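*Asks:* The primary structure of each chain is shown beneath.
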Amino acid sequence: MTDPLIRMKDIEKHFGSVIALAGVSVDIHAGECHCLLGDNGAGKSTFIKTLSGVHHPTRGEILFGGRPMHFADPRDAIAAGIATVHQHLAMIPLMSVSRNFFMGNEPVKRIGPFAFFDHDRANRITMAEMEKMGIVLRGPDQAVGTLSGGERQTVAIARAVHFGARVLILDEPTSALGVRQTANVLATIDKVRKQGVAVVFITHNVRHAMAVGDRFTVLNRGRTYGTAARGEITPEELQDMMAGGQELATLESSLGSTV
Amino acid sequence: MSDTPQVVQDERVKRISPFRRALIRPELGGIVGTVAVFVFFGLFAYDSGMFNSQGVMNWSVVSAQFMIIAVGACLLMIAGEFDLSVGSMIGFAGMMIAIFGVTMGWPIWIAILVTFALCLGIGALNGFIVVRTGLPSFIVTLAFLFILRGFTIFLPQVIERKTIIGGIGEAAEGDWLAALFGGKILGGLFRWLGEIGAIETFSRGTRQGEPVVDGIPMLIVWALGLVLVGQILLTRTRFGNWIFAAGGDAESARNSGVPVNRVKILMFMFSAFCATVFATSQVMEFGSAGADRGLLKEFEAIIAVVIGGALLTGGYGSVIGAALGALIFGVVQQGLFFAGVESSLFRVFLGVILLFAVILNTYIRRIITGER
Ligand SMILES: Nc1ncnc2c1ncn2[C@@H]1O[C@H](COP(=O)(O)OP(=O)(O)OP(=O)(O)O)[C@@H](O)[C@H]1O
Ligand SMILES: [Mg+2]
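Same order as they appear, the protein sequences are chains F and E. Residues 294 to 552 in this note's numbering are what the first sequence spells out, letter by letter. Residues 154 to 525 in this note's numbering are what the second sequence spells out, letter by letter.
There is no bait here: all hints are sound.
Quick partial rundown of chain F residues pointing at chain E, CB under 10 Å, derived from the structure:
no., residue
1, 342
2, 346
3, 367
4, 384
5, 388
6, 407
One-sided excerpt, in silico: chain F residues whose CB lies under 7 Å from chain E:
no., residue
7, 368
8, 387
9, 392
10, 410
11, 436
Hints listed in this document are in silico derivations from the structure and should not be mistaken for laboratory results. All figures in this text were calculated on a predicted structure; none of them were measured in a lab. Glycine included, C-beta positions come from ideal geometry on N, C-alpha and C.
Build out the structure end to end from the sequences listed, making use of the hints.
*Replies:* Dropping the structure here:
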């Protein structure tokens with residue numbers, strides 16, 4: 294097996310006296326979809342935020358392509374090709390769809406010594422990317438505040454897919470989506486994975502996880518139950534573990550090998 | 154959008170009337186206000202001298218002063234912060250130029266450059282404290298309002314035993330940098346206009362035959378330049394997008410890779426820069442620096458920005474709008490003077506128009522964000 298693209302070792306994250314993560318290790322491979330599952334408050338969002346540069350881990354190490362990685366802020370992570378759809382989307386309601394789409398990564402065109410925001414290009418790409426996701430926008434200058442929750446989520450996903458050259462992190466991306474859009478997102482995950490992108494997919498829906506996941510890691514109260522590869526675990530077992538580990542005893546055997 | 158590829162027309166959109174489309178522009182209030190103000194004074198004060206060359210120059214200069222600080226306040230407000238220390242900064246910057254240039258006898262251009270560096274540093278400190286502590290900029294800059302005003306009164310008293318330092322006019326004689334703030338341009342054009350009779354000329358005295366208005370003050374050039382640069386920066390550059398994003402939602406902007414802290418600190422510095430431009434022009438015009446200069450300017454700047462359509466909560470606004478807000482200010486303040494109206498009524502006007510502008514802006518925001 295190839296070396297993982299990202300190796301997160303014993304990640305701990307403390308918020309004051311709260312221990313959100315108490316030592317979580319996960320390997321993420323290029324061309325695979327890694328599903329992160331677990332109860333509310335298990336620490337999934339906190340975990341991916343240490344990977345996307347939002348949080349600095351209190352303890353632990355992140356290796357990216359074999360080398361230690363220290364992101365000062367999300368800008369560094371994005372520059373390294375790691376794009377994230379946060380649970381809270383990171384969209385600005387008063388700004389237009391295309392301004393949101395390119396926020397932090399604006400395309401520029403040079404006129405003499407000056408660099409200007411290339412609005413035409415931004416608008417064109419935004420409309421095209423949104424159409425790929427199955428949403429027809431009224432216009433690229435529509436304010437995000439006027440979009441529905443699902444439309445907003447789709448913009449965030451389309452944006453991350455566009456910028457996530459190496460790693461795509463999706464934190465509950467389908468929570469507000471309709472049937473067609475959800476299918477679209479799952480198909481997109483499958484597509485970018487085949488292009489060699491590493492995908493981290495957080496969801497509460499086992500069927501969605503089973504549909505696209507190559508590996509499954511279940512978090513519970515800041516710790517991991519371990520990682521299982523596709524075929525090593527049934528949907529029913531996964532479901533039980535996500536519920537907080539009832540019947541844990543019977544499940545540990547199937548996971549234990551990879552812990 | 155003409156260049157968007159084969160966009161399927163959305164059947165769920167009602168045609169938006171051009172009127173409503175115009176309504177959801179931040180400049181709307183400024184445009185309507187400007188027209189209203191000119192119509193009003195055109196009807197009621199046309200023969201007061203307000204619209205002859207001297208009168209026009211009079212309110213243009215006052216408007217330009219407002220514009221200079223409004224541009225700084227506008228970009229800062231869109232980035233989600235306030236600067237209440239602008240007025241004190243104006244007094245402080247002017248006093249420092251006087252102390253460096255007159256009391257200490259440095260060449261004026263050095264005095265001006267050192268003052269700019271000092272004030273930009275204070276602006277950066279304002280911003281740094283705000284982004285580091287997460288305190289509201291309202292409080293942090295309120296502290297600097299007092300700190301800077303205190304020094305502006307204290308320093309000249311200790312050094313010169315008075316609160317006004319004069320003699321800047323003589324010290325600045327022939328100085329290249331001082332001319333950039335206190336000089337005038339297009340003198341030749343105005344002389345020619347006077348000769349062909351397009352504008353009034355002095356009919357008596359030592360300056361007989363010379364035009365009453367003999368050039369465009371650099372103050373106006375600065376104002377228009379700052380408005381132009383501000384507008385382009387905000388709407389046409391990557392940094393402009395960061396300004397909107399930082400003020401719209403700092404957390405989301407940060408998570409999307411916008412260097413929010415840098416943007417905010419730079420905008421505090423820009424606000425300080427505008428205040429210092431104002432102060433430098435003012436001391437060059439008056440030939441002196443006074444400890445009470447710039448009083449209440451921060452509020453006037455903020456009101457101009459709000460009339461110009463910016464939201465107090467950040468993330469939305471327009472530099473052109475703020476410039477129109479400043480124009481309304483200048484025209485009304487001087488117009489009331491020309492019309493012989495008691496000047497205290499200007500404050501009543503300010504309060505009323507501020508209230509209207511805020512209500513209009515809130516309404517516009519609801520339309521944009523679709524909230525009810
Ligand atoms: N900034 C913070 N400050 C303090 N505590 C935090 C912070 N962020 C997260 N936590 C705590 O860390 C724990 C894990 O939160 P996290 O958001 O990672 O959960 P999650 O697994 O994403 O849950 P959900 O499924 O509801 O999204 C929670 O108990 C939460 O209260
Ligand atoms: Mg979460």
